[in-house]
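Q: So the protein sequences, as listed, match chains X and Z.
Taking this note's numbering, the leading residue of the first sequence gets 1, the next gets one more, and so forth.
Taking this note's numbering, the leading residue of the second sequence gets 1, the next gets one more, and so forth.
Just so you know, not all the hints are guaranteed correct.
[What the hints assert, rightly or not] Below are the DSSO-like pairs computed for lysine-lysine, each with C-alpha atoms no more than 27 Å apart in a straight line:
no., chain 1, residue 1, chain 2, residue 2
1, Z, Lys-351, Z, Lys-337
2, X, Lys-21, Z, Lys-351
3, Z, Lys-339, Z, Lys-28
4, Z, Lys-420, X, Lys-21
5, Z, Lys-420, Z, Lys-337
6, Z, Lys-351, X, Lys-150
7, X, Lys-21, Z, Lys-434
Please keep in mind that the hints were generated in silico from the structure rather than gathered at the bench.
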Amino acid sequence: MLTVLLILIPLIAGCLSFGLKGSGPKTLGIISSLASLAVTIGAWVQFRNAPESLHVVTGWIPQLGSQFNVGLDGMAMMLVLLTAISFVLVFVTIYSRDYERPGSFYGLMLLTQAGLIGVFTAYDALLFYVFWELALIPVYFLCSMWGGEKRIPVTFKFFVYTFAGSLLMLVGIIYLYIQTPDGSFSYTTFTSLQLSANEQSWLFWLFFVAFAIKMPIFPFHTWQPDTYEQSPTAVTMILSGVMVKMGLFGVMRWLLPVLPQGANMWAEVAIVLSIIGIIYASCIAIVQQDIKRLIAYSSIAHIGLMAAAIFANNEQSLQGVQVQMFNHGVNIIGLWIIVEIIQQRLNVRNMNEMGGIAQTAPRMAIALVIISLANVALPLTNGFIGEFLMFSGLFQYNVWFMAVAGLGIILSAVYMLTMIQRVIFGERKTLTESVKDLQPGEMLAIGIVVVIIFALGIYPKPMLELVSGTTELVNKAF
Amino acid sequence: MNALISTALSGVVLMFVGLFVSNKQHVKYFAMALVLIAFGANLAELPALGSDPSRVYFGMIEVSRFSILFNAVALGATFLYFVLSGSAFEKVGEHVADYFALQFFILAGITLASTFNSLLILFIAIEIISIPQYVLAGSDRRNLKSNESALKYFLMGSFSTGILLMGITLIYGAAGTFNIHELALGTGAINPLTLCGVILLAFSLAFKVSAAPFHFWTPDVYDGSPTVFTSFMATVVKAGGFIAFLRLFHTGFSGETITAHWTWVLAVITALTLIVGNFTAVFQQSVKRMLAYSSIAQAGFMLLAVIALNQLALQGIILYAAAYSIATIGIFAVLLKLKDYTLEGFNGLAKREPLIAVVTTIFLFSLAGIPLTAGFFAKYFVLAAAIKQGQLLWLVILAVICAAISVYYYFRVIIAMYFKQGEAEIAPISSGFKFALVITAVIVILLGIFPGLLLQCL
Chain X
1 MLTVLLILIP LIAGCLSFGL KGSGPKTLGI ISSLASLAVT IGAWVQFRNA
51 PESLHVVTGW IPQLGSQFNV GLDGMAMMLV LLTAISFVLV FVTIYSRDYE
101 RPGSFYGLML LTQAGLIGVF TAYDALLFYV FWELALIPVY FLCSMWGGEK
151 RIPVTFKFFV YTFAGSLLML VGIIYLYIQT PDGSFSYTTF TSLQLSANEQ
201 SWLFWLFFVA FAIKMPIFPF HTWQPDTYEQ SPTAVTMILS GVMVKMGLFG
251 VMRWLLPVLP QGANMWAEVA IVLSIIGIIY ASCIAIVQQD IKRLIAYSSI
301 AHIGLMAAAI FANNEQSLQG VQVQMFNHGV NIIGLWIIVE IIQQRLNVRN
351 MNEMGGIAQT APRMAIALVI ISLANVALPL TNGFIGEFLM FSGLFQYNVW
401 FMAVAGLGII LSAVYMLTMI QRVIFGERKT LTESVKDLQP GEMLAIGIVV
451 VIIFALGIYP KPMLELVSGT TELVNKAF
Chain Z
1 MNALISTALS GVVLMFVGLF VSNKQHVKYF AMALVLIAFG ANLAELPALG
51 SDPSRVYFGM IEVSRFSILF NAVALGATFL YFVLSGSAFE KVGEHVADYF
101 ALQFFILAGI TLASTFNSLL ILFIAIEIIS IPQYVLAGSD RRNLKSNESA
151 LKYFLMGSFS TGILLMGITL IYGAAGTFNI HELALGTGAI NPLTLCGVIL
201 LAFSLAFKVS AAPFHFWTPD VYDGSPTVFT SFMATVVKAG GFIAFLRLFH
251 TGFSGETITA HWTWVLAVIT ALTLIVGNFT AVFQQSVKRM LAYSSIAQAG
301 FMLLAVIALN QLALQGIILY AAAYSIATIG IFAVLLKLKD YTLEGFNGLA
351 KREPLIAVVT TIFLFSLAGI PLTAGFFAKY FVLAAAIKQG QLLWLVILAV
401 ICAAISVYYY FRVIIAMYFK QGEAEIAPIS SGFKFALVIT AVIVILLGIF
451 PGLLLQCL
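Please work from the sequences and hints to get the whole structure.
A: Pasting the structure below:
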């Protein structure tokens with residue numbers, strides 16, 4: 001029942017929020033996200049004792065053989081946890097900010113949360129598709145209504161891209177459904193299908209394109225930097241922290257186990273595309289002036305590495321990806337929180353106009369350094385263990401791939417350290433003469449991120465244990 | 001049979017009502033009551049069928065669960081249409097009761113189209129549907145565009161009727177019967193006469209459902225006709241055309257060899273329809289014309305159900321007819337309240353009338369086929385039917401790409417309503433109208449979450 005509750009809490013709170021005014025939606029958002037986090041922790045406890053009790057199956061569309069089938073395994077548990085933490089962080093960060101039409105803003109945010117949790121917990125392909133879309137639509141409205149100047153064409157491009165990808169996936173899902181002997185969309189039926197190599201070969205692309213657009217992998221990434229730049233930062237946090245994980249999750253949950261041969265056949269192509277993305281995005285990140293675009297491109301590079309590791313498809317790389325999904329989510333949200341604070345204080349995003357923030361806002365400077373180093377995957381920060389596992393997995397698959405992808409680490413150090421230098425060190429500029437340091441609410445949000453960075457950097461065992469069962473499951477399907 | 005009798009009688013009664021009832025509002029309420037009676041009478045036939053798959057009357061009309069369900073969808077959608085747009089009849093001209101009567105005759109034609117057992121009845125059904133439409137298209141007598149559209153529609157319609165009749169003649173010549181169950185075209189070698197007949201029938205019906213390349217009349221006629229009648233033509237009537245198409249090809253022309261012949265013809269027509277409808281809709285500035293092209297695009301999707309000869313196709317066409325009709329009727333009802341039919345006319349509507357903007361968004365979502373609206377499952381079923389058919393995967397992928405393109409033009413309306421600055425000029429809206437719109441939107445969402453509500457009767 002806890003799993004259903006995880007979807008229902010943000011869904012109901014989101015619907016209620018549309019009718020509230022003033023500070024009502026804010027309060028509801030915080031209460032709902034805290035309640036979600038509490039239920040998630042409860043589910044985690046239960047997951048350790050009796051994981052099967054988190055599985056719920058009831059009828060939905062009997063004519064189609066589709067069921068409301070939701071449950072949690074290690075990977076889903078971790079992503080649900082990431083979602084719950086992210087939303088708390090986002091709502092705490094934006095608490096002092098007043099949005100126009102707050103009822104709709106918080107309503108749409110909460111509906112996105114419901115969609116995301118649905119995606120991560122669905123064990124029925126049709127249900128998965130419905131939640132996949134449900135997560136997309138509120139984000140479209142959020143970006144278009146509260147985003148930057150060029151928001152309308154930019155978010156529209158984002159929507160059309162993702163929707164086109166989703167439709168191709170729908171064709172794949174229908175094809176698989178027709179092949180099932182019992183006419184069902186259930187995960188177990190899908191994974192036990194006996195498909196020919198030829199079928200798997202073209203079905204792979206139907207699914208891959210949908211997931212690649214969402215991640216995004218080169219050359220399907222063009223919507224991403226613009227969308228991240230134009231979206232309100234709260235939405236960018238969700239997009240980059242949690243939503244891109246939908247693509248990675250989709251590959252691990254559906255693509256690899258359902259189409260193992262197809263994935264095997266095209267793995268090299270997928271890895272090469274991912275590695276091109278890493279190098280290309282890193283190079284562009286180096287020359288960015290806009291801090292939001294820099295982080296957007298850095299995100300493409302990091303996700304590229306995760307995508308490459310997934311298709312390397314061995315136990316270490318898969319485990320690394322899962323751990324990194326969580327850690328990247330937390331780190332990137334931490335970065336966005338700081339960007340949001342800087343943007344609110346200075347009203348600019350161009351790094352040429354920043355500098356010397358360390359002198360006026362030392363706490364913010366320390367936080368930015370810690371989070372940036374975690375993003376570069378420095379040992380003893382949370383980013384390290386995931387990247388280590390992914391590289392060692394890639395190494396097992398192909399040394400050359402690993403070597404080229406490894407350039408991404410060096411490049412990421414280049415752009416992150418340059419960013420730190422340009423933003424917080426050096427001479428103070430007119431704009432940065434009197435920057436206020438972190439306020440209590442912001443301290444709380446950043447504090448949580450920093451604690452997670454160090455806690456998982458020093459002692460990653462619980463996270464590794466949580467996902468170890470899942471990689472076995474994926475491997476078994478091969 | 002009940003549906004046919006009740007709609008035909010209702011039409012006759014309404015012709016006389018115009019003589020005795022001068023209050024136009026009363027005429028509308030009367031028409032609404034008559035649709036409800038027809039709806040009930042139609043459903044009352046369901047238990048009478050019992051376990052029989054179908055019941056044949058005079059060898060000419062065959063009533064089955066499928067036809068009853070389709071008639072229920074058509075009558076239900078007409079009821080919604082009367083509720084939402086009925087008051088706009090008064091603005092067209094003086095003869096309100098006659099307009100309602102003509103629409104009941106069209107409904108009678110549709111009930112025939114869903115039940116015909118003989119090619120002659122098909123011909124009669126198509127004509128009963130068409131002739132009142134020519135009249136309705138030109139009913140705004142003082143408007144030149146309305147006159148032009150009526151003439152254009154009439155000329156083109158007569159031409160296609162000729163083709164239809166020619167096709168029927170050829171098939172009769174080859175098979176020696178009008179009964180669609182006894183044609184037996186699929187067995188043995190194919191007679192060239194038969195093939196010509198089948199192709200002529202496909203062309204003529206493609207004209208009636210405005211499939212490409214026989215669609216040229218559609219945008220002009222839809223644009224020129226009074227908007228309130230365009231709404232009916234583009235929805236219930238079009239669905240009626242499809243049901244005739246489906247019934248003819250699934251019952252009369254199914255069979256190994258003959259199917260292989262017409263499948264590719266229809267596949268090409270479908271591909272063209274999808275491409276022309278979607279790509280042209282993208283460039284429209286008038287929402288009314290955009291909806292005309294979108295109706296061509298949607299016809300492409302419905303044609304997928306005609307090509308796929310399976311149970312999923314039957315379910316798909318029912319759901320498609322319902323989802324598409326309800327959403328389009330809803331949008332047209334909103335359009336009727338606006339002064340300006342261009343995209344700019346929608347600018348800023350969300351600020352002025354938030355509720356209207358929300359329901360319009362739901363209707364547009366449904367037309368685009370976004371999950372949790374009826375349109376999603378409608379598209380799902382026809383795509384599934386086509387995939388199951390086996391050889392049409394290229395067409396399915398094309399349809400999916402076209403569906404992604406359709407998002408572009410449907411979302412332009414949403415963007416205008418929500419994100420563009422402007423003062424949409426809209427007529428005063430009663431709370432009753434708002435309530436009816438909300439109910440319509442709720443139906444769209446309910447069918448989007450539980451499509452089984454409709455399909456369980458099948």
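Q: Now tell me if each hint is right for this structure.
A: Going down the list of hints, with the structure as the test:
no.: 1; hint: Z:Lys-351 x Z:Lys-337; verdict: holds (16 Å)
no.: 2; hint: X:Lys-21 x Z:Lys-351; verdict: holds (16 Å)
no.: 3; hint: Z:Lys-339 x Z:Lys-28; verdict: holds (23 Å)
no.: 4; hint: Z:Lys-420 x X:Lys-21; verdict: holds (23 Å)
no.: 5; hint: Z:Lys-420 x Z:Lys-337; verdict: holds (19 Å)
no.: 6; hint: Z:Lys-351 x X:Lys-150; verdict: holds (21 Å)
no.: 7; hint: X:Lys-21 x Z:Lys-434; verdict: holds (23 Å)
In summary, the structure agrees with every hint in the numbered list given earlier.
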